[in-house]
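Engineer: Chain V is fixed; fit chain P onto it per the hints.
The listed protein sequences derive, respectively, from chains V and P. Residues 1 to 603 (our numbering) make up the first sequence, in order. Residues 1 to 572 (our numbering) make up the second sequence, in order.
Everything labelled a hint here was simulated from the structure, so no lab data went into it. Heads up, the beta-carbon is just placed ideally off N, CA and C, and yes, glycines get one too. Any given hint could turn out to be false.
Stated by the list, open to error - Sample of chain V residues facing chain P (criterion: CB under 7 Å; computed from the structure):
hint	residue
1	Val-240
2	Leu-241
3	Ile-244
4	Gly-248
5	Tyr-502
6	Gln-503
7	Met-518
8	Val-520
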Amino acid sequence: MHLKTTSSPFTEEQVQLLNQLLPTLSAEQKIWLSGYISAQSFASEVVPTSSTEPVMSDHSPINATVLYGSQTGNSQSVAETLALRLQEIGIDADLHSMRDYKTKELKSVERLFLIISTHGEGEPPDNAIGFYEHAFSRKMPKLDGVQFSVLSLGDESYEFFCQTGKELDDLFEKLGGERIVQRADCDVDFEEVANEWVNEVVTKMTDNQQSAKAPSTSLTPLTGNPPSQYSRSNPYHAEVLENINLNGRGSNKETRHIELSLEDSGFTFSPGDSIGIFPENDELIVHQLLELTNWDGNLEVTINKNNDTVSLREALLKQYEITVLTKPLLTKTKQWMNEEGVDDLIREGNQDQLRDYLEGRDLIDYIKDFGPIQTSAEEFVATLRKIPPRLYSIASSHLANEDEVHLTVSAVRYDLNERARSGVCSVQCAERTEVGGALPIFVQKNDNFRLPIDPDAPIIMVGPGTGVAPYRSFLEEREELDASGKSWLFFGDQHFVTDFLYQVDWQRWLSNGTLTKMDVAFSRDTDEKIYVQHRMKEQSKELYNWIDAGATIYVCGDEKQMAQDVHATLTEIIAEEGNYTTEEADSFLKKLQQEQRYQRDVY
Amino acid sequence: MANENNVHIQNGPPSDVEEIKEKSNYLRGTLEETLANPITAGIPDEDNRLMKFHGSYLQDDRDLRNERRKQKLEPAHQFMVRVRAPGGVATPKQWLAMDELATQYGNGTLKLTTRQAFQIHGIIKWNMKETVHAINESLMDTLAACGDVNRNVMLNPNPDLSSVHQEVYEWASKLSEYLSPRTRAYHEIWLGEEKITSSKEDEQEPMYGKLYLPRKFKMGIAIPPSNDVDVFSQDIGLIAIIENDQLIGFNVSVGGGMGMTHGDENTYPQLSRMIGFCTPEQVTDISEKLITIQRDYGNRNERKYARFKYTIDARGLDWLKTELQERLGYELAESKPFEFTHNGDRYGWVKGANNRWNYTLFIQNGRIKDDDDYRLMTALREIAQIHTGEFRLSANQNLVISNITTPKKKAIRDIFENYNIVAEDQLSALRKSSMACVSFPTCGLAMAESERYLPSLVDKLEETVNEAGLRNKEIVIRMSGCPNGCSRAALAEIGFIGKAPGKYNLYLGGGFKGERLSKMYKENIGEEEILSILRPLLIDYGKNRETEEHFGDYVIRAGYIQETSDGTNFHQ
Chain V
1 MHLKTTSSPF
11 TEEQVQLLNQ
21 LLPTLSAEQK
31 IWLSGYISAQ
41 SFASEVVPTS
51 STEPVMSDHS
61 PINATVLYGS
71 QTGNSQSVAE
81 TLALRLQEIG
91 IDADLHSMRD
101 YKTKELKSVE
111 RLFLIISTHG
121 EGEPPDNAIG
131 FYEHAFSRKM
141 PKLDGVQFSV
151 LSLGDESYEF
161 FCQTGKELDD
171 LFEKLGGERI
181 VQRADCDVDF
191 EEVANEWVNE
201 VVTKMTDNQQ
211 SAKAPSTSLT
221 PLTGNPPSQY
231 SRSNPYHAEV
241 LENINLNGRG
251 SNKETRHIEL
261 SLEDSGFTFS
271 PGDSIGIFPE
281 NDELIVHQLL
291 ELTNWDGNLE
301 VTINKNNDTV
311 SLREALLKQY
321 EITVLTKPLL
331 TKTKQWMNEE
341 GVDDLIREGN
351 QDQLRDYLEG
361 RDLIDYIKDF
371 GPIQTSAEEF
381 VATLRKIPPR
391 LYSIASSHLA
401 NEDEVHLTVS
411 AVRYDLNERA
421 RSGVCSVQCA
431 ERTEVGGALP
441 IFVQKNDNFR
451 LPIDPDAPII
461 MVGPGTGVAP
471 YRSFLEEREE
481 LDASGKSWLF
491 FGDQHFVTDF
501 LYQVDWQRWL
511 SNGTLTKMDV
521 AFSRDTDEKI
531 YVQHRMKEQS
541 KELYNWIDAG
551 ATIYVCGDEK
561 QMAQDVHATL
571 TEIIAEEGNY
581 TTEEADSFLK
591 KLQQEQRYQR
601 DVY
Chain P
1 MANENNVHIQ
11 NGPPSDVEEI
21 KEKSNYLRGT
31 LEETLANPIT
41 AGIPDEDNRL
51 MKFHGSYLQD
61 DRDLRNERRK
71 QKLEPAHQFM
81 VRVRAPGGVA
91 TPKQWLAMDE
101 LATQYGNGTL
111 KLTTRQAFQI
121 HGIIKWNMKE
131 TVHAINESLM
141 DTLAACGDVN
151 RNVMLNPNPD
161 LSSVHQEVYE
171 WASKLSEYLS
181 PRTRAYHEIW
191 LGEEKITSSK
201 EDEQEPMYGK
211 LYLPRKFKMG
221 IAIPPSNDVD
231 VFSQDIGLIA
241 IIENDQLIGF
251 NVSVGGGMGM
261 THGDENTYPQ
271 LSRMIGFCTP
281 EQVTDISEKL
291 ITIQRDYGNR
301 NERKYARFKY
311 TIDARGLDWL
321 KTELQERLGY
331 ELAESKPFEF
341 THNGDRYGWV
351 KGANNRWNYT
361 LFIQNGRIKD
371 DDDYRLMTAL
381 REIAQIHTGE
391 FRLSANQNLV
401 ISNITTPKKK
411 AIRDIFENYN
421 IVAEDQLSAL
431 RKSSMACVSF
441 PTCGLAMAES
451 ERYLPSLVDK
461 LEETVNEAGL
471 RNKEIVIRMS
481 GCPNGCSRAA
491 LAEIGFIGKA
501 PGKYNLYLGG
511 GFKGERLSKM
521 YKENIGEEEI
531 LSILRPLLID
541 YGKNRETEEH
551 FGDYVIRAGY
561 IQETSDGTNF
571 HQ
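Bound conformation, chain V alone (with noise of 0.2 Å):
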């Protein structure tokens, strides 16, 4: 996209601004740009007065900076809507992935609203390493007399929840910045918070304003395609259509290749995107749980400010999170526990033992170790917090299935205590999700994880297990665009015979062409593990090539294990191949994650 003075109505100096700009947008960010230009036209010719008579005329124009740091969309979400709320009632907000913000600016910024993520051991987004880098150097300007907010996003099953916000909040603070709002913590069922929150600062900035326009009270991210009426606090009911094992007999695993039809929903998606999926309890552990507890199934429970009511049993099965443990449900129920018990596990000191006793247990365990329940079940499982849908990345194009929605599903299943546990979203799919039924889902944006624009660019992708998920979604894209960019596909999983997802797929775009190179692991085939990384690190050369000339290297998949080998692996090949020290490879990744030329969607 280039424009010139005689083929556009701007000045040259426009154009040269304009010019300057685009070259740099996503394609996320087109789309939201001429949403946001042609609202503000829209809204301009239904009032038209208001450019003569504005609502804030008396008041120079107030600025405010929202950043934010999203893995999976969330925060990016809640960031815009925070920020198109500031706009409609008149102040000046400016939106920012934290990638793409400039640190120098925060010399001049009055507001700062921060909403960000933490992922894994207490760590930042991807897309918010740099910030936070650079907030905790001594680059990092005071920020006497700056106004700010900070929403943190987690899930309280982690021991260090919300933990990149409490940093930053605790930072902003001690550099003289203002709170105006206090922070507000996310669990995984953020919605009601984060809205709380952004209702919160609004008011806050319309005092600060004096204006008189009342917030709203929805919550509704922007978009650059037509809304569909369904979201996540909106799920749409989608059909399967087909639930199949991706893995051969005699796999140790079971993935399962989930088809939803997407047909009058009105979602769409890119590549990249995910599905929130909520699920449903096993019916045979609320049983469980009802029979150890002796509640009664039939009692009608209030599940929401609303006061709507269910039966206990409904609430238990669809409402309510009852197979993961976590410190606050801890903290919350112990009066009606053994309180010593309790008290003793959550103390002080004693995290290495919680965490351990944390792993893997469930509601039904809490209440054999400490139970009985001294309260009612009412009471109990207002505790609980809402059951969050899961996210899993989306395996098909938009543009090759426009009907359709394909997911990659890895069955959870392990043995403790003497009872079997599942995971409570990938079991459903696995065993109680038949073809005909119907998943509630929506469409989670994630711009952090995108294709390059042009079609011509190289991409390298890295995704052992359900990672490669994302990749059939890249690969079905780019052919139907019959983009001609080379892409280098690297799989894993233990054995060639029974787990190599989408085999017949991958065979068939090597053949035509549209994957230009693929490299595969299984671990447990031969005596030594061979990993991803380790393919990785055997075609150096040529891989630090690909990267030369321009490719973007999409990472998917396990965080905790595979994310981190394979960065220290790309480390290792840049430092080699290109000639640098160790430091110098790793801020070399780093800008391409700036750039963003080095992307991850990790788990």
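Structural biologist: Just chain P, lined up with the frame of chain V:
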């Protein structure tokens, strides 16, 4: 003389396979690369064509084919490796090597084939080089075990049968070696030997040339009175002529072959026909000349018409004799009289001329494996660990443990006892005369079950056989899963050739000595009909047969079926 309009005579350009061979650079093709390709456990069709010459086929577990297709997985590709053992002779050490390879890389079973070879099934591509390498380490090989070349040379395995057996065995080995391909491709690909490029074609493959033969080529040597190798089913069948305990030479017969194609009556099983007698010293020369005739005249356009039998039938036996004489420079002598009495095996203990023992063990369909209650593979492994003689594979998929010393005889009997290995006298003669090819799940050509089905069919037939008083009467019963005829079903007294899952053509009237082809009695029938047809026939035979009259002869005499006097009237 040749009829140029004969359907069997080449009338068109060479087939795709000929092109593959031509481009293959003496069987190399792109095998090195495709064997290394990590994305598929298979190899492309073109390379699989060449793979056969190296003694291996790409197969897949057909039980899983459809299931895996739905799972977006390629077929469960695996290789079958066929190990040549001229005359079916292996040392205990070689037996142990086969056993180990089958366990380590194969599906844990060994198949003794109808052509006296070992087959290991279920080898994954990544283990192929190690497997073939280990086979060579054991001083056996797989080269030319399949493909458009001369295959394993068959020979009666029973050393006690004749004092000249060893001498005939040496001729069989010599023939096998003499007729082997000369290409270095095998050594390069499997044994990692250095590439030697030769510019002169005749240095590469002096007899075969770069196109090799138009189709497979089979040879067997029978030592009368046993016709266990089914000498008339061979492209070249040699019959050892022994006078005064001396091997004086071989009767030469040509143009036998079992394969046909359903629905094409221009294809048919055929028996080889006698063209004369030669001395032992002439046998390699004659075999070579016969092979070159087939090389030069065989149909290279249509593979189903490419066997030597059609080359000969299209032109007549006299033409062949003339052509052979021209190439030899001399005429074959008149064939000598001989007599066959059977084509089945003789089971149990026999004391040989050298005071050593031989034991012929019935192996159901040649499959050696361990079942929970029948651990045949382990028993034979233990025998191989103590045995000092040989293991000899019979043409009926059975096993002769030969040259057993008297003390070892006791040890071997103990092992049989420990593992409850069924003694031959506990089995019906029908079962001991039964033979099935592999078929499902590994054979790509299979149309119906064979090896996995015949035992249960025999169970059911045994009821009738017992009732008819025929429990100890040998009736040769054979099943093939497709019309290619690996089990030589068209020579059986009761033959089944698969048409579709659960459906077979039933053939009757084959000769007990392997001297006569059968004829189709009923087409495309399932088990119920098979049993209801065979029951009255067997009862009738039990009642009305003459002493020593065989079932195959009886059904013709009693008018149930017409005699097939020649392959060309097989379908009439």
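Engineer: Next, verify each hint and record whether it holds.
Structural biologist: Here is how each hint holds up against the structure:
no., hint, result
1, Val-240, "violated (15 Å)"
2, Leu-241, "violated (14 Å)"
3, Ile-244, "holds (6 Å)"
4, Gly-248, "holds (5 Å)"
5, Tyr-502, "holds (5 Å)"
6, Gln-503, "holds (5 Å)"
7, Met-518, "holds (6 Å)"
8, Val-520, "holds (5 Å)"
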